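2 protein chains.
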Amino acid sequence: MKIFCADLEGVFIPEIWIAVARKTGIDELKLTTRDISDYDELMTKRLSLMAEHGLTIHDIQSVIAEMDPLEGALDTLQWIRERAQIIILSDTFEEFARPMMKKLEFPTLLCHNLTIDGKGRITGYNIRQQEQKKQAVRALQGLNYEVVAFGDSYNDTGMLLQADKGFLFSPPDNVAADFPRLPVAKDYNDLKHMIDSCL
Amino acid sequence: MKIFCADLEGVFIPEIWIAVARKTGIDELKLTTRDISDYDELMTKRLSLMAEHGLTIHDIQSVIAEMDPLEGALDTLQWIRERAQIIILSDTFEEFARPMMKKLEFPTLLCHNLTIDGKGRITGYNIRQQEQKKQAVRALQGLNYEVVAFGDSYNDTGMLLQADKGFLFSPPDNVAADFPRLPVAKDYNDLKHMIDSCL
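Note that the protein sequences, when read in sequence, are chains A and B.
Count along the first sequence from 1, add 4, and you get the number used in this note's numbering.
Count along the second sequence from 1, add 4, and you get the number used in this note's numbering.
Calculated from the structure, these hints are not laboratory results.
Please note that a few of the clues may not be correct.
No distinction is drawn between identical chains; accordingly, a pair holds when it is met within one copy or between any pair of copies.
[Claimed, not checked] Below, computed lysine-lysine pairings styled on DSSO-like, alpha-carbon distance capped at 30 Å: (1) 106 / 6; (2) 49 / 196; (3) 169 / 49; (4) 123 / 6.
Predicted model only: the values in this text are computed from it and were never measured.
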């Protein structure tokens with residue numbers, strides 16, 4: 005039996021931190037895993053920038069609540085869910101993702117969570133597991149699933165290479181160049197064709 | 005981080021085979037895991053009864069398409085999905101479940117599948133993995149999730165005992181009597197209270 009695993013940001017929703025950077029005017033918040041492949045380094049930088057500018061979880065959530073899924077994302081996800089099981093594997097945090105997951109009609113999301121103090125300040129982040137995307141793919145394979153995975157960034161390549169079939173979705177040039185053996189789906193039409201060919 | 009695992013039939017939807025038995029008038033199809041705890045024995049019996057009466061997958065699907073989720077099931081499931089991740093673990097088959105999953109707005113379902121010939125006759129069933137519910141709970145624990153599981157039948161008790169917290173939902177008397185140490189949620193209100201106390 006087949007199961008699909010997909011990244012969230014850059015695949016079904018915009019990059020959350022880029023939206024936050026635009027809204028707050030803090031340019032350095034625009035960096036993503038596309039730019040810095042070490043996630044711990046990236047998150048530590050983000051949290052110190054937030055503290056420096058006095059931003060709370062509520063500020064971030066109000067930005068996220070105004071965001072919409074990428075154009076065509078909900079239809080594509082529904083198209084997949086009518087045909088197969090899909091689990092979203094993301095290095096985002098439950099507290100950030102929830103308003104967006106509602107707009108995507110609550111597909112299952114495995115990710116991380118935050119430590120937030122009484123004043124709404126994000127005092128830390130809890131990585132549920134190192135290489136969680138790859139570990140989740142491996143766990144599903146241990147349940148006798150054949151896993152098909154897709155994502156756009158450096159933090160997806162572990163799961164894409166662990167999966168029985170992995171491909172990039174709309175990746176930036178540097179990611180595609182660094183992993184030339186991974187097939188590329190340019191858009192949702194491509195994605196549907198690739199999924200159809202797996203079913 | 006917490007994640008919920010739930011059974012499907014008897015928890016969110018009626019027992020599919022009981023509905024099929026009623027529609028077809030084949031009384032022996034009413035037996036479920038509540039009556040025969042050995043699932044292989046039960047399924048072999050069901051398939052031989054279907055062959056004997058000339059029933060195809062299309063006959064079963066037309067019965068299932070007329071079924072509705074249990075009263076309050078969709079609201080309860082949405083209530084859970086707004087608060088936490090939930091995965092449905094069921095010993096049903098993809099081909100049977102799909103019309104019901106649509107009515108439940110496509111929560112993730114891990115189950116089994118069928119072998120169907122060109123004439124729609126079910127020629128076999130494929131158990132993805134023995135003790136798949138318990139194995140799925142164990143896999144999620146391996147991903148550093150604390151698992152809370154609930155179900156109503158004998159085939160759920162493996163996952164309920166493996167979970168960090170397990171309880172029965174609206175079980176028949178014999179199941180509750182055989183597992184006196186498992187807490188019992190009688191209805192969706194009870195269920196919500198128990199879930200709230202876990203979050």
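Going through the hints against the structure:
{"no.": "1", "hint": "106 / 6", "verdict": "both (25 Å within a copy, 19 Å between copies)"}
{"no.": "2", "hint": "49 / 196", "verdict": "neither (36 Å within a copy, 39 Å between copies)"}
{"no.": "3", "hint": "169 / 49", "verdict": "neither (33 Å within a copy, 37 Å between copies)"}
{"no.": "4", "hint": "123 / 6", "verdict": "between (44 Å within a copy, 24 Å between copies)"}
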